[in-house]
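Asks: Each chain, written out:
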Amino acid sequence: MSDLETFRAETRVWLEANCPPEMREPVRDETDACWGGRNPTYKSPAQKLWMDRMAEKGWTVPDWPKPYGGGGLSPAESKILREEMAKLGCRSPLSSFGIWMLGPALLKFGTEAQKIHYLNQIAKGEIRWCQGYSEPGSGSDLVSLQTFGEDKGDHWIVNGQKIWTSYADKADWIFCLVRTDKHDKYKGISFLLFDMATPGVTTKPIKLISGNSPFCETFFDNVPVPKDQIVGELNRGWDVAKYLLGHEREMISGAGNAPVGSLGALHKELMAQDPLLRAEMAKLDVDTLAFRAMGEKFIDEMKAGKGHPAQPNMMKYFGTELNKRRAELVMAAGGSDALEWESDGSGGGAKPRQWLRTKANSIEGGTSEVMLNVIAKRILDLPGA
Amino acid sequence: MSDLETFRAETRVWLEANCPPEMREPVRDETDACWGGRNPTYKSPAQKLWMDRMAEKGWTVPDWPKPYGGGGLSPAESKILREEMAKLGCRSPLSSFGIWMLGPALLKFGTEAQKIHYLNQIAKGEIRWCQGYSEPGSGSDLVSLQTFGEDKGDHWIVNGQKIWTSYADKADWIFCLVRTDKHDKYKGISFLLFDMATPGVTTKPIKLISGNSPFCETFFDNVPVPKDQIVGELNRGWDVAKYLLGHEREMISGAGNAPVGSLGALHKELMAQDPLLRAEMAKLDVDTLAFRAMGEKFIDEMKAGKGHPAQPNMMKYFGTELNKRRAELVMAAGGSDALEWESDGSGGGAKPRQWLRTKANSIEGGTSEVMLNVIAKRILDLPGA
Amino acid sequence: MPLYYDDDQAMLRDSASAFMKTEAPTTHFREFRDRNCSDGFSHDLWKQFAEMGFSGMLIPEDQGGLGMGHVEAGIVLEEIGRNLSPSPFLTTSVIGVEALKAADAATRGKWLPGIIAGETVIGIAVDEGAKHRPEQIAMTAERSGNGFRLTGKKQFVVQGAAADLLIVAARTAGAPGETDGLTLFAVDKDAAHLSMEAARLVDSSMGAHVNFDGVEVDADAVIGDVDNGWAVLTRMLDAGRIGAASEAIGVGAAAMDMTVDYLKQRKQFGRLIGEFQALQHRAAHLYAEMEVARAAVLKAQQLLDAGDPKAELMIAVAKAKAGQAVSLAVKEGVQMHGGIGMTDEYDIGLYMKRDRALAEFLGDANFHADRVARLQGY
Amino acid sequence: MPLYYDDDQAMLRDSASAFMKTEAPTTHFREFRDRNCSDGFSHDLWKQFAEMGFSGMLIPEDQGGLGMGHVEAGIVLEEIGRNLSPSPFLTTSVIGVEALKAADAATRGKWLPGIIAGETVIGIAVDEGAKHRPEQIAMTAERSGNGFRLTGKKQFVVQGAAADLLIVAARTAGAPGETDGLTLFAVDKDAAHLSMEAARLVDSSMGAHVNFDGVEVDADAVIGDVDNGWAVLTRMLDAGRIGAASEAIGVGAAAMDMTVDYLKQRKQFGRLIGEFQALQHRAAHLYAEMEVARAAVLKAQQLLDAGDPKAELMIAVAKAKAGQAVSLAVKEGVQMHGGIGMTDEYDIGLYMKRDRALAEFLGDANFHADRVARLQGY
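Chains as they are written, first to last, in the UniProt record's numbering: chain A, 1 to 385; chain B, 1 to 385; chain C, 1 to 378; chain D, 1 to 378.
This is chain A alone, in the form it adopts within the complex:
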């Protein structure tokens, strides 16, 4: 048996022995996941057990180096772990913007001290992070942001407002884009990390059309940030931000996610009665399976250093549009049952709320329109502003 085959066999045995049955169900929605943090909440003892066991092996972040809390797996081993988890239906033990977004940026731009400190916290789920990017006047045009950090020698004093900070009301720390030089649009932004418990930080949840409030407005009123809490160079935070956005887009695209079953197959009886809906389901299956292949190809290419660096934008565009389409078909298949917002049978309106939630997919982390702009410019090399 080759090393990889051995690894696969051992991994399977370990997963079978260690992944509790409750953790072999798909995550229903964002509130069903484990997010860690200083004051973590677990939906069940099984969730905590699974998190602890995986963190101990470093498998919350299997391909990060071991000194940073990771599993130190090679790309091939990571893929095997993903595949074996998918076969058993094991859910990811930890949902974390630290893993998906900040971590990769720190791995590339952080100092060794930062890596040791922050990455270990992330891997163990000890700190829950949120993202401070968008501002009310700076959405798609992110680089026009106005939040300002005034240089006070050994620290900055940050003032301004962020919006769409995911779970800012529940987060422990924030990674935040702050203008540190007003003269250069791009080269005047720094990438700062700070504690949300710092005096002067306040958050206000935004009620969404889904009825949930996963995002906040976040206000900074003379917030002091020590100088060692910058990632990358002063005024070069835009490079960190762009790199991180690539990872965010990859994450939102759903590339490498656990397989998604056929929606049509879940509604066999209806399919026989509703031929036009069946046609849409068939086309959804085609695109879902094709995009799953694309996700696999994308990850394989990225790990091998192949593929266009702007490809995450394509993945984000296609994946989020597909996800919205799927949610529309969930609603169509659900008929009037799926319209129920508050009723016993509807699980508190889970379907319509999830449907409305997907509408944000093509806005958050860069709108579909921005993704198309980037593809046109950076991949197709089309001219113009």
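Fair warning: there could be bad hints in the mix.
[Claimed, not checked] Using 27 Å as the maximum straight-line C-alpha spacing, the simulated DSS-like pairs for lysine-lysine come out as follows:
1. K185(A) with K267(C)
2. K267(D) with K242(B)
3. K268(A) with K267(C)
4. K331(C) with K351(A)
5. K227(B) with K207(B)
6. K267(D) with K331(C)
7. K268(B) with K268(A)
8. K264(C) with K207(A)
9. K207(A) with K331(C)
10. K331(C) with K324(B)
11. K87(A) with K268(A)
12. K264(D) with K377(B)
13. K187(B) with K377(B)
In short, the hints are calculated from the structure, not lab data.
Put chains B, C and D on the given structure of chain A with help from the hints.
Replies: Okay, now just chains B, C and D, sitting in the frame of chain A:
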């Protein structure tokens, strides 16, 4: 019985008595229609008979005034004639750019002498017209045209090149946009009429992907054009051109055309076997029937002076895109039979040639992209260049 | 008849528009939603509908109404759609009245005055599963004494909780899947053995599950003929379908208007986002789709009012086309608003929710496109 | 196996690309088209395919071929698609060879050397109606003496006129609609009572109608088992489907590339039309669709080469997705080229025509999406 009811009854009787059975079949394609001209060709004696009878009543152009060769019908009477012709399946007796395009422009901008002279020729199908608008470097950006008419006192000398002149090789006269002032982009264009037999005019058919050559390149080498052959004022030809383009777009949109049957109903057996094609056919029927209602509404509103003046752009956009979609479904339903380009059973590849022909619909007379620009600017009043 | 509003119709539109904007705009909707009102609409507003003459507009003049047609009802519904005005107008004054036209004089005499006065509310009990499939009705109405005994379950009974009268389609013969054997009943909401469970829907309207556990009704509760109710049921449903399509057109038009306005206000990259050609083209495409859908709806209404047999086909076309075009309008609306389009604070999301419920009501776009294909013979 | 070309595969792509560009570019295609060649391809070129090792690439090494897989065949087919290179490669070296793998040694010995040498051409005779419906095969093969007697008609037999060998699917038992009772035959084109009528297709390739008027074949003409041919037929068709999908990807990629190039050259309104955001977004959307289609095709080929049972589903996905994406590519290509896109002089229209024929070949996007639904159980 009201006057209109009497008119309807009389019209039906007349059509039943005078429209030959062969002329109650839809026109198969452009070559199956009667185009008139100095040297007219008729596909059958019935075609000539139908043309002569309709021209005698002025019903080649039912709503033009009688002195100009028309039928002098009111809008309500015109609609009744259209409806009764549709009921019997009577085809239009004469296909003519003179009727569709030049005529309306002359009615609005022509002198009385021009109207008497040219409109009567058009109504009787005596002169076949072609259109000289586009140039190789001036397609969507029509107003950048370069063909120049030099003022020589009582005439202009025209030099330049036009492209996409429909049937220029078969046309007797041309209505042509010519630059008469090089200083003003818009206010330097004049709308000239001249005989294609004038020395210096040459045409070269363009072979299309359909294998046919309905368009030409047309070259003007020192072509003299008398000064009384201008429509509208000197250097104000762009006003005439825009007005005419509206009518062209209306015409290409298919508004007010004879009803088009259900494509799905023609392929019942296949529909039972091919559920996804059936779904597309059902959606095509929805859009076809809805657009037919739109065509009726559009004409009713235009005749009543209601409706947005830029509405023909919307009609052209929707109608041509719908027509392309229909042709795609004709090909899908035809399967490998419809792929045959040269074979006995395929009528000389009628289906694939017609399919390819429809691809020009969303280009000629203003591309779909230009239509969308116009809707955005003139109807939705969106900002920008 | 030309395919545009005549002078009387244009006047009606102006007054309906002014009324909804003043008395029942989106702030009114939000007030009722946030108060968690169990009826989902204001009974005072419903009285005002009566004062405006709307509630009995489809009732013949000799029965105290205005004797107007579906074009006129559509005008009111479009303004309701534009303003998200919560009311029982569609189920009561359009669908319910259409059903009652086939009822005997006693039944009409019992219910029509309350409708005209804006006091009576009607709920329509047809659907039994999550999707609209009227020929699949399984609920039974067995002969019992002088009348019938109704047993079965209905769902998606819009305004059911507030209704005084339910129009119920049940099977007096035949089996699910057959169009023969259906009968329509007018059932008092307070009848014994009738129970109801209300559910707030995504658009904050109230739908109800209704349980008929052996509900006894007299023979005069029958609307139309026993066993041959399919024709009157279809007429009633078609009135509701084209009405829902008109309301949807209002929803889509409002969504499009507020989106086009937003494109003229929001700046990014130093320009109004309405200057970006990609958004311009999408807005222009949406405009074309909405115009075509609107024409289909008006044409269907004119045919219906003229008693033309082609109305059935055109109503299916209109409901399908409106469903597709308005769905595009609200999706483009939310996307082009970007982040704020996702917030409860902005109205655009409310239109997306309302469209979802209207699209599903009495058959979605797929149901009606399939119906078009069947009516065309394939 | 990672989802990208390994080094050997990348080398193969480079050499196939260089070969097609040099020996069989679109000018070569035009030459054969305009000369009205009745075979539709150059036999000299076919010999060159053999010299490159392409013609026998799927034949096992112990039988004289290169023993490569469908990923490799797809690489060659994509370059064929990009250059519109006319050849019998797909029907002969992919579909025909896949069928012959199930034949006995004598049959293989008879035909494989000619294929490897670029001398033999195979035609595939499956379709009997205008649409691909293999389970509907009605053509009969009755037992007769030591063999069978074939009676019926086939159509869309690509390269049929030039073929030396026809692979024929016929019914030895059962009725149309049943998958049992089918048998595959290797039939010499020169057999008595076999007649053919060639038809030039829209893409200038040659299709044929083949008439079997009691064609006698020996028992050893049977490929695989009598009555149980469905599995080998499906394997053969699936090899052809994924091959056609690869060729389509090449067609779409070339159409997209030439369109994006054109956007960078053509000026209107004083700007390159590629600066217009509406066109940028459409081009970017097309890019995404093409990338996803390409991934699906490669995944299906890898599964097929690995003998994975999931290959069948993924091949249907790939043919459906490639059909849809490439159709978009050629439509956008023609539209964005504007007027000149309509002219025979420019290549873009040739790609539209080729796509049309490839899309239809062995099941169009609707056929395969429907198949995906059935394989998923609905």
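Asks: Work down the list of hints and note, for each, if the structure agrees.
Replies: For each hint, the structure was consulted:
A hinted pair counts as satisfied when its Cα atoms are at most 27 Å apart, and K185(A) with K267(C) qualifies at roughly 17 Å. Straight-line distance between C-alpha atoms of K267(D) and K242(B) comes to about 22 Å, which keeps the hinted pair within the 27 Å bound. Between K268(A) and K267(C) the CA atoms are separated by roughly 47 Å; this puts the pair beyond 27 Å, and the hint is violated. Distance check on the hinted pair: K331(C) and K351(A) sit about 17 Å apart at the alpha-carbon level, within 27 Å; holds.
With a CA separation close to 34 Å, the supplied pair K227(B) and K207(B) exceeds the 27 Å bound. About 34 Å separates the Cα atoms of K267(D) and K331(C), which puts this hinted pair outside 27 Å; it is violated. Restraint check: the Cα-Cα separation between K268(B) and K268(A) comes to about 25 Å, which is no more than 27 Å; the hinted pair holds. Between K264(C) and K207(A) the alpha-carbon distance is near 25 Å, which keeps this suggested pair within the 27 Å criterion.
Only pairs whose Cα atoms come within 27 Å are accepted, and K207(A) paired with K331(C) is accepted, the gap being roughly 19 Å. A threshold of 27 Å between alpha carbons decides the hint, and for K331(C) with K324(B) the separation of about 25 Å falls inside it, so the pair holds. As the CA atoms of K87(A) and K268(A) are separated by approximately 24 Å, the hinted pair is consistent with the 27 Å bound. For the suggested pair K264(D) and K377(B), the alpha carbons sit about 25 Å apart, so the restraint of at most 27 Å is met.
Taken as a hint, the K187(B) and K377(B) pair is honoured in the structure, with Cα atoms around 21 Å apart against an allowance of 27 Å.
Going through the hint list in order, the structure does not satisfy hints 3, 5 and 6.
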